[in-house]
Amino acid sequence: SDEDVDDSSEFVKFFPSFIWAVRDFTLERKIDGKDATENDYLEFALKLKHGTSKKVMEYNLPRECIQKFFPSRTCFTFPFPTAPENVSHLERLDLADLSTEFLEVTGRFCTFVFDQSDVKKLKDGYTVTGRVLGHLAKMYMDTISSGAVPCLENAVIAMAMIENQAAVKEGFEVYQSGMEKLKNSFPLELKVVSSEHQRLSSMATQTFMTRSFRDTDGKLLISWFQSFISKQKIKAKEETQRQLQEKMEAERQSNEERMIQMKEKMDEEMRLQREEAQRAMDSKLREQAALLEKGFQEKADRMSQEMEEFKRQNAEAESNRVREFAELLENSSKRNEESMAMMMQQHREQMKALQQQMRARSAGGCCIL
Numbered sequence: 001s002d003e004d005v006d007d008s009s010e011f012v013k014f015f016p017s018f019i020w021a022v023r024d025f026t027l028e029r030k031i032d033g034k035d036a037t038e039n040d041y042l043e044f045a046l047k048l049k050h051g052t053s054k055k056v057m058e059y060n061l062p063r064e065c066i067q068k069f070f071p072s073r074t075c076f077t078f079p080f081p082t083a084p085e086n087v088s089h090l091e092r093l094d095l096a097d098l099s100t101e102f103l104e105v106t107g108r109f110c111t112f113v114f115d116q117s118d119v120k121k122l123k124d125g126y127t128v129t130g131r132v133l134g135h136l137a138k139m140y141m142d143t144i145s146s147g148a149v150p151c152l153e154n155a156v157i158a159m160a161m162i163e164n165q166a167a168v169k170e171g172f173e174v175y176q177s178g179m180e181k182l183k184n185s186f187p188l189e190l191k192v193v194s195s196e197h198q199r200l201s202s203m204a205t206q207t208f209m210t211r212s213f214r215d216t217d218g219k220l221l222i223s224w225f226q227s228f229i230s231k232q233k234i235k236a237k238e239e240t241q242r243q244l245q246e247k248m249e250a251e252r253q254s255n256e257e258r259m260i261q262m263k264e265k266m267d268e269e270m271r272l273q274r275e276e277a278q279r280a281m282d283s284k285l286r287e288q289a290a291l292l293e294k295g296f297q298e299k300a301d302r303m304s305q306e307m308e309e310f311k312r313q314n315a316e317a318e319s320n321r322v323r324e325f326a327e328l329l330e331n332s333s334k335r336n337e338e339s340m341a342m343m344m345q346q347h348r349e350q351m352k353a354l355q356q357q358m359r360a361r362s363a364g365g366c367c368i369l
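Counting from 1, one number per residue, gives the positions in the sequence shown under the UniProt record's numbering.
Mixed in with the good hints there might be a few duds.
Derived pair list, reagent style DSS-like, types lysine-lysine, alpha-carbon separation capped at 27 Å [what the hints assert, rightly or not]:
no., residue 1, residue 2
1, Lys181, Lys247
2, Lys294, Lys284
3, Lys138, Lys247
4, Lys54, Lys299
5, Lys299, Lys47
6, Lys54, Lys34
7, Lys263, Lys247
8, Lys49, Lys284
9, Lys181, Lys191
10, Lys138, Lys169
11, Lys183, Lys247
12, Lys265, Lys334
13, Lys265, Lys120
14, Lys47, Lys34
15, Lys265, Lys121
16, Lys294, Lys49
With beta-carbon atoms standing in for the labels, derived distance ranges [claimed, not checked]:
no., residue 1, residue 2, range
17, Ala326, Phe112, 43 to 49 Å
18, Arg321, Phe15, 18 to 24 Å
19, Asn86, Asp35, 26 to 32 Å
20, Arg312, Ala137, 34 to 40 Å
21, His89, Ala290, 42 to 48 Å
No wet-lab data here; the hints were simulated from the structure. Ideal placement from N, C-alpha and C gives every residue a C-beta, glycine not left out.
Using the sequences and the accompanying hints, generate a full structural model.
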C-alpha cells in the first residue's frame, strides 16, 4: 500500500542490495533501438507510467516499492547455459559443455556477490551472524506454523532476549573461571585479589558487551554485574579497615570502566544509526531527483515532506538515546554511592567490634567475635 511505501526510509536502513538475476535470457537488451547495459535494462523495466487509473497504479506499485526499498540495484542476464539437447542432463555436464557467455556472466555475478554485497544487518546496524540468522529463521518458521503473521520487530526482540541471556552467561563464565584459577594460588594478599577482581570484571564486561544486543538501558549489564558480585562478595566482618578500603577503590575503578565501556558502545551505536539515516536520506534525495526529472512533481513534493519528518524522527530518537544514557549514568552513580555507603557502614561496624575487642582485652576479659 502507499502507507507501506512511505515507510521506506526505515526499511532502506537495513535492507540488502537488490540483485535481479534473469535466467535463460534470450531477448535483445535494447532500449529505443539502442544497446543497453544490464542495469539500464533493469531501470527501464522499473520505469513508472504516468496516470492515476487503477491499472496504472497496480503497474507502478511493485516498481515503486523496488525503487524505494532497494536504492542499490544490479541486474545480471544469464543466457541459455548450454545446447538444448544437453538441458535434460545438466547435472552431468562438464565445464567445457557450458556456454562461454553463460560462464562469463556467472563469473561477474559471483565476483559481485563476494566483493560488493554487504553482510546481513538488522536495524541499528547489528550484524546478523550465522547463529542469529538461525534464531530468526526458527522464529519465523514457528510463527508461520502456528498460523500467525511473522513480524520482524517481534522476532528481533525475541532474538535479542536469547542473545543477551547468552551474553550474561558468557560474561559470568569469564569472571568465574578466572576466579577459580586464582583460588589455586591462595593464600594471597588482598591487593592481588582486588587487582585480579578488577581485571576479570573488565574482561567479563567486554565479553558481555561484544555479544549483547539492544541492551540500550543497561538493565542486563546491571543484572549480570549484580549476579556475579552477589556470589563473589566478601563478608565485611572478615576484612580489616585496610582491606575494605582497597575493595572500595577497586569497586570505584570497576564502575568507572563499566561506564566508559557503555559510553563507547552507545557512541558506536549512534554512529551506525547516523550512517543508516544518511544512507536513507541520500536514497530519498536520489529518488526525489529522479521523480522530478520524470515529471512526478506531486510525488516529489510528498517525498520532501517525508524527508523532513524523517529528519525530525531521527533527531528525536538521538535525543532520546542521549537522555536515556544520562539517566543510566545517574542511576549507576547512585547505585555505586549506595554500595559505597553500605561498605562504609560495614567498616564502622567492624571498627566498633574491634574497639570492643581491644577494650575487653585491656580489661583482662574475653571477647568472642
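Status of the hints after comparison with the structure:
{"no.": "1", "hint": "Lys181 to Lys247", "in the structure": "holds (20 Å)"}
{"no.": "2", "hint": "Lys294 to Lys284", "in the structure": "holds (15 Å)"}
{"no.": "3", "hint": "Lys138 to Lys247", "in the structure": "violated (46 Å)"}
{"no.": "4", "hint": "Lys54 to Lys299", "in the structure": "holds (17 Å)"}
{"no.": "5", "hint": "Lys299 to Lys47", "in the structure": "holds (15 Å)"}
{"no.": "6", "hint": "Lys54 to Lys34", "in the structure": "violated (32 Å)"}
{"no.": "7", "hint": "Lys263 to Lys247", "in the structure": "holds (24 Å)"}
{"no.": "8", "hint": "Lys49 to Lys284", "in the structure": "holds (20 Å)"}
{"no.": "9", "hint": "Lys181 to Lys191", "in the structure": "holds (17 Å)"}
{"no.": "10", "hint": "Lys138 to Lys169", "in the structure": "holds (22 Å)"}
{"no.": "11", "hint": "Lys183 to Lys247", "in the structure": "holds (17 Å)"}
{"no.": "12", "hint": "Lys265 to Lys334", "in the structure": "holds (21 Å)"}
{"no.": "13", "hint": "Lys265 to Lys120", "in the structure": "holds (20 Å)"}
{"no.": "14", "hint": "Lys47 to Lys34", "in the structure": "holds (17 Å)"}
{"no.": "15", "hint": "Lys265 to Lys121", "in the structure": "holds (17 Å)"}
{"no.": "16", "hint": "Lys294 to Lys49", "in the structure": "holds (10 Å)"}
{"no.": "17", "hint": "Ala326 to Phe112: 43 to 49 Å", "in the structure": "holds (45 Å)"}
{"no.": "18", "hint": "Arg321 to Phe15: 18 to 24 Å", "in the structure": "holds (23 Å)"}
{"no.": "19", "hint": "Asn86 to Asp35: 26 to 32 Å", "in the structure": "holds (29 Å)"}
{"no.": "20", "hint": "Arg312 to Ala137: 34 to 40 Å", "in the structure": "holds (35 Å)"}
{"no.": "21", "hint": "His89 to Ala290: 42 to 48 Å", "in the structure": "holds (46 Å)"}
In this structure, the hints that do not hold are numbers 3 and 6, in rising order.
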